[in-house]
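Residue numbers (my numbering), protein chains in the order written: chain W, 1 to 317; chain S, 318 to 754; chain X, 755 to 1051.
In case anyone wonders, no lab produced these hints; they're calculated from the structure.
For each residue, glycine too, the CB sits at the ideal point set by N, CA and C.
Treat the hints with care, as some may be off.
[To be verified] Dumping the calculated BS3-like pairs for lysine-lysine here, alpha-carbon to alpha-carbon at most 25 Å:
1) X:Lys823 <-> W:Lys111
2) S:Lys748 <-> S:Lys733
3) W:Lys111 <-> X:Lys949
4) W:Lys113 <-> X:Lys776
[Said to hold, decoys possible] According to the in silico footprint, chain W covers these stretches of chain X (three or more CB under 8 Å from chain W):
5) 815–829
6) 888–899
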Amino acid sequence: MPTMSTLRKKEAVSAYLFLSPFLIWLVFLMIGPILAAIYLSFCRWNGLSSIHFIGLANYKTMFGFSIHDGHISFNDPRFWASLYNTFYYTILSVPLTMVLGVVVAMMMDQKIKGISFFRTIYYLPSVLSSGVAFAVLWKWIFNARSGLLNYFISFVTTIPIDQCPKWLASPTWSKPALVIMSCWSIGSGMIIYLAGLQNIPQALYEAAEIDGASRWRQFLTVTLPGLSPVIFFNLIISIVFSFQIFNQVYIISNGIGGPANSTLVMVLYIYQKAFQYFQLGYASALSCVLLIIIMVSTWIQFKYANKWVYYEGELRK
Amino acid sequence: MKRYFRWISTMLFLAFVIVGALETTGCGKASSSSKIHLTISSWGGINENAILSRMIGDFEKKHPNIRVHLERVPYNNYVPKLMTDIAGGVAPDVIFVEVGNFANFYYSHALQPLNSFIQADPNFKLSAYYPQEIRHFTVDQQVYVVPRDIAPIACVFYNENEFKAAHLPYPNDNWNWNQFLYDARHLTKRLPDGHTTQWGVIDDWTMIEPWIYSAGCQWVNNIEHPTQWTLAATPNFLTAIRFRRNLITKYKVMIPPASLSAIGGAGTSDLFINGKVAMFISGIWRTPPFRHEIKNFKWNVAMFPKGPTGIRAFASGGSGYAILKSCKHKQAAWKLIKYIDGVKGETLLAQTGLAQPAMMSVAESKAFLDKLPPLNKKMLLKAVKYAIFPPLATNFAEVENGLVYPALDDVWDGRKSVVKATKQIRRILAKNPPRDK
Amino acid sequence: MNSTGVQSNFWSSKKRTERITKIAVWLILVLGSVTMLLPIFWMFSTALKTEATVFATPPIWIPLHPLWKNFVDAWNIDGIYKSQGVNFTTYTINTIIISVSNAIGVMISSAVVAYAFARLRFPGRDVLFLLCLATLMIPYQVTMIPTFILFRNLGWYNTYYPLIVPAFLGGGAFNIFLVRQFFMTIPYELDEAGKIDGCSHLGIFYRILLPLCKPALATVGVFSFVYNWNDFLNPLIYINSNSKYTLTLGLTNFVSFYGQQYNLLMAASLVISIPVIIIFLIGNQYFIRGIATTGFK
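Isolated chain W, as found in the complex (with noise of 0.2 Å):
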């Protein structure tokens, strides 16, 4: 069938000129520099002289610990604060984010007035949250003196302002601050788990009804594993966003990640090591490992998603 081939051929040849921009991309602006950042996890370099080959050096400062009179000190405490920062934060806004996010759209999902606009307050703040200038009002807001928050709690439980928690101010209830900031932008995974919702099919919650299943049971047989798909996607998406949060923390701490380290998150100490200190090389080899650590989790999400992710192909039968 030479016409076939030759059809193919064309068609691929322009697949291919449509593809050119995203394969430029591609190999420039992500390939390149990720083989780039591994290499320079190997040196050391300020960004000025010369760059120096060193071997496993950043990644033994930065693995290496010593053990003085039965304490473990580490080489470079600041990485183990800002990986246990980055999971601790990981771990509360995720799963809060996403319950949240799905409680709301189904709330949503009942045919009551006003919808469309409940949608957009509640997605509003999403938008917004990223930006420098909601960060500046949120430190505010959590200002232990003369923020909103502790005036709230204050007014609501009478327990004087001052011993309300400190937020920002205080190591314990910083990162706790981060979390509700996050819970602000639970908009956008709402949005997606609303298209979800709305996707599954009525006949199956009908079928539950006649079955005589509780709101409770149709819930779990048949809400979420309709919603899982949607789950899933939104799981994989927030883990790496939220493993790369910055902006608010750096508006929040002044740059430093403060108190006692306690907002110090891992971007924001690539971004010290990189942009303040000058040590390009070992903020490309945080960066190696915060790499290594997406992929990690990433692949132990895909892994397990077969247990409880099921596609709609699997539902019907």
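Following the hints, complete the assembly by docking chains S and X onto the known chain W.
Okay, now just chains S and X, sitting in the frame of chain W:
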């Protein structure tokens, strides 16, 4: 086939035309060929930049062939931004340098040695400026920065009305830690239920320097060529840290950090302005807002108290102007620096009360020692002798802000013992020796 | 209402509980909306206050004498770059230039790339698409430093190229994915019809599919506009001159200058957010449909 090529190339062309068009509108630098263009970078506040703009305006009138562009970078981003600019080959011609970030610029080999300009210029006297600061900006006999101001962080601003009300004498030159503590305790007011209505003291930001220096500690073995951190090597460190912690946790005369506003440390000076705290430790640069905003009480300034063994010492800020090696019109840049940092510029600066001029004659003149509060400003002329500049190590900022201060954050709340924190700091410092590249 | 084969007495009681549930849900949603809007409202009300009433306790929600002047004052902060005439107006123009060209670039290039992935058969398609999805996982910071060096060596430092050109190169995996998913929902018969009429691939793409995928393009356009409007890290790294600053950089500059004047700060913050809110309200219905039809499967 051809059509596709044409189409794709048209698209790319379109894309670049759009970008290109934006480019020319976005950054059109007037390039009238006959004129010399200089760019000067500063982190100055409103007052400072107003003076700078005025001086630049005058300079341009005197030198019609030179145009000067002032660019401001916020203080927090200043070093990162400038270093990136230098690396990217788009650095300004003249930059503002501080004693604290001098090491970064010096070791990036970006600064132009100024000796040849100084020697060739009979109108310029380096000896007019504070020798201590000149020494700090000199490496291997080469001067790199012409100082603008010197800023010993030795100022204890105090509320005279509160001292009077508590029947305390105003602090004098023999003030020591114990008297300071006595005063702070008597200036703190509490309700019967333990709620504090007025605090004794607060520092501008969490600062350990005045305490550790006057307890007899040094950051490094040699400020100009540091090879070792000596900060926590002696028990004096424990004394200093304990004293500051006790102000917070034991005597409860200093506001605990967690109660402070989280807004960039800016909130602490408001507390003094509002009369919520009777003493405020900072530098002289706090004067203009205090003059403007304090209406209800009289205030003055005292030198930071002597330590337990009679040592008087504190950190010092200070800044000046430097020319970058990449500058194409170094002679014009030198003229600019000389002009804005000359007697007139220094006098204007002194009159705002914002800074102690680095030019000694102006610092000792009526322009600085005026009749406005704080009247005891003259103590700064003596304070210069006790001022200690930051060590010349490129990783000093990282070690100080990234490692030592976070390790102490838990001490101030009383959640970690001073001994434990000291051990931790010793280990950290041993692992991160001072670097010079 | 959907259960037809149920007894009538059960039906009425069910209807009552359903109505009660609906009211409860509605009330919760209203309460939630208030919480969501509170920070924005607080920003607005602070922007209208005098300096003295900003920190009043109990908080003043609606200032008695709203100071609309604050918006003007915040906009015309003087004394900083008077000599250069740089102010928020300049920043706004810069930000519009960057955000709009990003939106245009993303709309054009993501559609082109997505078309190939959705409609054309070629060797390596699945691998490339998987690779494309995999880049979603790459943290921006991994590529940030080498990319910075690349752009710097191209002489693009302190220009808008690094902030705009990537948008014309596919617009990122997320946008390609979104548009591709949308293409997948369009029946293939349309392409076939086009082919029979003698259309080339370009013709099919341009004449038949592109007009149909407006909701998806609106979605990626709005996303990219908003993202770039709010972007902070990229301008921070690449832009140097004050005259090229974006609004987010201008605002941080403003914070370091007027950090304590919360009324002006909030006024400036609010004004900066208004275009985003407007774009959002206009595009809202459009792109919610875009996301919904895409389905994310």
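Against the structure, the hints come out as follows:
| no. | hint | verdict |
| --- | --- | --- |
| 1 | X:Lys823 <-> W:Lys111 | violated (44 Å) |
| 2 | S:Lys748 <-> S:Lys733 | holds (21 Å) |
| 3 | W:Lys111 <-> X:Lys949 | violated (43 Å) |
| 4 | W:Lys113 <-> X:Lys776 | holds (10 Å) |
| 5 | 815–829 | violated (count 0) |
| 6 | 888–899 | holds (count 11) |
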